[in-house]
Amino acid sequence: MKTYKIPIIAGDGVGPEVIAEGKKTLEATGRMYGFDIEWKEYPYGAEHYLATGELLSEDALKELSDYRAIYLGSVGDARVPPGVLERGILFALRFYFDQYINLRPIRLLEGVETPIRDKGPADIDYVVVRENSEDLYVGVGGRVKKGSVHRDADVTRNLYNVKFGLDIDSDSDEIAYQLGLISAEGTKRIMRYAFELATRRGRHLSSVDKMNAMTDIYGFWRQIFTETASRYPEVKTDFNLVDAMTMWLVKNPEWFDVVVAPNLFGDIITDLGAMVQGGLGLAPGGNINPKGTSMFEPIHGSAPKYKGLNKVNPIATIWAGAMLLESLGEMQAANGVMNAIQRNLRERKVRTFDLGGSSTTSEVGSDIARYVESPHRSD
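The sequence shown: position 99 = 138 (my numbering), numbered continuously.
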């Protein structure tokens, strides 16, 4: 029997609780579809950092590179200064493994209510392909008080290395600055992925930018989108300014099939999408390197106020597990997980508080796992 080795970073807050239900469901899926899973748990998160001062070590990153997919719970804890865990764990994983695609399915499942009036599952079914390694998230910025100063910074990626030397002369009391960067190499590869995905779905790809206000950086993005589109004549394309895009995704979500966006704008519109599809408890995400190590997670964060209450919705994590299986080539098993999630939601019997129910995290996970192993069962 085939065995998949999958590392887990359960992380902080509710992370261990939702990951437990993801494991339960994937193990049931393995029994149903004929494979085993060998889990390897890593301790990285707030508790480990507070006890040891260690984030992700170079040795751990090298060890994780032996795996095709990582299953992540959540990262974040109020006892640790903001950004420390995110940069030291989440961003470290994304950049080390060059997970340049953030993939977010925005899909309203039957049995879930959307806050958008008169819209249903047939109207809300699109995928956002967010560039995951560039833009304003490259980490080049700072603060400068009145006077003159020189700052050096560099951006190192698998594709390139860029060094900045900044001479700043200011008579303001204090300024803050943040530099954004997109490269030809980084933009071309995310466009190729998005166009290939569009050819397998509805053959419609929408690009997001803010070219009218930031002509240089997002004009470059639009130029590469246009050049790439010429090689995919079968794909219908359109441009959308990000502010207008947030309006159209609420007013007419049925217009969209695949959306490609720079890092910052992709971050914004996928959070909007999470609410459109029924809430953060139903929103999975994948950090993808098609030729390397990818990582799959719920996007809801650590939700510390719910830690230990066995209360939060595990479906986003279980759905992320289905994406993980798909990345391993287990399409039938991934579909089995999604069918089980949809059965649970349609039945409206076992659901957590965010969906109007009173069931626990573990009860929802067990219900979905049972549907995986007994897809035709009648309650």
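Take these hints with a grain of salt, some might be off.
Computed cross-link-like contacts, DSBU-like style, restricted to lysine-lysine with a CA-CA straight-line distance of at most 35 Å [unchecked claim]:
| no. | residue 1 | residue 2 |
| --- | --- | --- |
| 1 | K79 | K330 |
| 2 | K101 | K388 |
| 3 | K346 | K63 |
| 4 | K79 | K350 |
| 5 | K63 | K344 |
| 6 | K344 | K44 |
| 7 | K63 | K184 |
| 8 | K44 | K158 |
| 9 | K350 | K227 |
| 10 | K101 | K185 |
| 11 | K63 | K101 |
| 12 | K275 | K63 |
If you anchor each label on the Cβ, the simulated ranges turn out as follows [what the hints assert, rightly or not]:
| no. | residue 1 | residue 2 | range |
| --- | --- | --- | --- |
| 13 | V201 | R270 | 25 to 35 Å |
| 14 | E66 | D282 | 24 to 34 Å |
| 15 | N200 | G92 | 25 to 35 Å |
| 16 | P329 | Q262 | 19 to 29 Å |
| 17 | E266 | L218 | 42 to 52 Å |
| 18 | G258 | D310 | 42 to 52 Å |
If you're looking for bench data, these hints aren't it; they were derived computationally from the structure.
Glycine is no exception: its CB is placed at the ideal position from the N, C-alpha and C atoms.
Any hints this thing doesn't respect? Which numbers, in order?
-> 2, 7, 8, 9, 10, 12, 14, 17, 18
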